[in-house]
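Letter by letter, the chains look like this.
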Amino acid sequence: MDTLGATFAALSDPTRRLIVDRLTRGPAPVSELARPFAMSQQAISKHVAYLERAHLIQKRRAGRQHLCALNPAALRAVALWAESYRRVWEKNFQRLDALLEEMKTSKKRRRITRRASQ
Amino acid sequence: MKNSDTLKVTPSGDREIVMTRLFDAPRGLVFDALTKPELIRRWLLGPGGWSMAVCTVDLRVGGAYRYVLRNDRNGTEMGWGGTYREILRPERIVHTERFDQHVYSGESVITTVLTEKGGKTIFTARMLFESKTARDTVLSSGMERGAAASYDKLEQVLQSQGQKT
Numbered sequence: 001m002d003t004l005g006a007t008f009a010a011l012s013d014p015t016r017r018l019i020v021d022r023l024t025r026g027p028a029p030v031s032e033l034a035r036p037f038a039m040s041q042q043a044i045s046k047h048v049a050y051l052e053r054a055h056l057i058q059k060r061r062a063g064r065q066h067l068c069a070l071n072p073a074a075l076r077a078v079a080l081w082a083e084s085y086r087r088v089w090e091k092n093f094q095r096l097d098a099l100l101e102e103m104k105t106s107k108k109r110r111r112i113t114r115r116a117s118q
Numbered sequence: 001m002k003n004s005d006t007l008k009v010t011p012s013g014d015r016e017i018v019m020t021r022l023f024d025a026p027r028g029l030v031f032d033a034l035t036k037p038e039l040i041r042r043w044l045l046g047p048g049g050w051s052m053a054v055c056t057v058d059l060r061v062g063g064a065y066r067y068v069l070r071n072d073r074n075g076t077e078m079g080w081g082g083t084y085r086e087i088l089r090p091e092r093i094v095h096t097e098r099f100d101q102h103v104y105s106g107e108s109v110i111t112t113v114l115t116e117k118g119g120k121t122i123f124t125a126r127m128l129f130e131s132k133t134a135r136d137t138v139l140s141s142g143m144e145r146g147a148a149a150s151y152d153k154l155e156q157v158l159q160s161q162g163q164k165t
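Protein chains in written order, with the numbering used here: chain A, 1 to 118; chain B, 1 to 165.
Just chain A, same shape as in the assembly (with noise of 0.2 Å):
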């Protein structure tokens, strides 16, 4: 799998989101991030180093404990995936906003025509 690939399938997790979206507030040590769950530090170390390896997440040691940073890099790749993929949609889209404005004229218009008719 390629690095994006890899970004959201370490993404696709709900713990593993919250972890990311805990980090956004700044680097925290592994102890910290697990207490929101109810799962074992053993278990959210395991999350922590596929985010790791995703290279979503660094690890740097300050004093004796390890801290989790977020990789700013890895989340641009994603913020650009989601805008370009998000751009081509929208161009459709606005082509069909601009239709379906055109359909609801050309309604309106032949009501208007049958009433003045009757």
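Calculated from the structure, these hints are not laboratory results. Glycine included, every Cβ here is placed at the ideal spot set by N, Cα and C. Check the hints yourself; a few may be wrong.
Pairs of lysine-lysine residues, derived as DSBU-like cross-links and limited to a Cα-Cα distance of at most 35 Å, are as follows [what the hints assert, rightly or not]:
#, chain 1, residue 1, chain 2, residue 2
1, B, K8, B, K120
2, A, K108, B, K117
3, B, K117, A, K46
4, B, K132, A, K104
Heads up, incomplete: computed chain A residues facing chain B, CB under 10 Å, no partners named [stated by the list, open to error]:
#, residue
5, T7
6, A9
7, S12
8, A38
9, W89
10, L96
11, A98
12, L99
13, L100
14, E101
Using the hints, position chain B against chain A.
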């Protein structure tokens, strides 16, 4: 007034992509635009610079549809199609989708739901893929398709938006 509100595209669970969008029209019209070939031809044109060479729809359960987009400049074709599994006018369509040539060769099942509120329609399409890997591949392929389409047509988009206002 421009009504092209925010389009949302989000991964959901392991195997789904969910797309939502608001349209300023009753859902009967949106349903028609999504299912009548003469109307589909007008908007399902991808990034721009493509026209629809084939657009056939057999709108009944078990019926097939087939679309082919052709690049105006070099004639490259991109085709896809599938069958209808559920049709409930004007609120729900379930259909399958498979691309001729794509990074992802499998089939996906798309459930489209149209909800009307005060004359406007909330469009929700849930695309369910065969596996998590398939979903993730499609997600990552959007990058290339989108990037190719992006900037050369930006000016045109801005112009057409200007005309609408």
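Item to check | Interface hint compliance - L100(A) to chain B, C-beta minimum distance less than 10 Å | outcome: holds (4 Å)
Checklist entry - Is the interface hint for E101(A) satisfied, with its Cβ closer than 10 Å to some Cβ of chain B? => result Constraint on E101(A) satisfied, holds at 8 Å.
Item to check | Agreement of hint A38(A) with chain B interface, Cβ distance less than 10 Å | outcome: Violated. Min distance 20 Å.
Checklist entry - Does the CB of W89(A) sit less than 10 Å away from some CB of chain B? => result holds (6 Å)
Next on the checklist: The hint names L99(A) as touching chain B; please verify it with the least Cβ-Cβ distance against 10 Å.
Outcome noted: holds (5 Å)
Next on the checklist: So, as I understand it, the hint says S12(A) touches chain B; can you test that by seeing if any CB pair is closer than 10 Å?
Outcome noted: OK, holds: S12(A) within 10 Å of chain B, min 5 Å.
Checklist entry - Given T7(A) was flagged as interface, is its beta-carbon under 10 Å from a beta-carbon of chain B? => result Check passed: Cβ of T7(A) comes within 8 Å of chain B, closer than 10 Å.
Checklist entry - When you check the alpha-carbon spacing of K117(B) and K46(A), does it fall within 35 Å? => result violated (45 Å)
Next on the checklist: Checking one constraint from the list: CA of K8(B) to CA of K120(B), max 35 Å. Satisfied?
Outcome noted: Holds, at about 17 Å.
Checklist entry - Keeping to a limit of 35 Å between CA atoms, is the pair of K132(B) and K104(A) held or broken? => result Given pair K132(B), K104(A) is violated - Cα atoms ~40 Å apart, limit 35 Å.
Next on the checklist: Next pair to validate is K108(A) with K117(B); report whether the Cα-Cα distance is within 35 Å.
Outcome noted: Between K108(A) and K117(B) the Cα gap is close to 19 Å, so the pair holds against 35 Å.
Item to check | Interface hint status, A9(A) versus chain B (Cβ within 10 Å) | outcome: holds (5 Å)
Hint compliance for this structure: hints 3, 4 and 8 are not met, and every other hint is.
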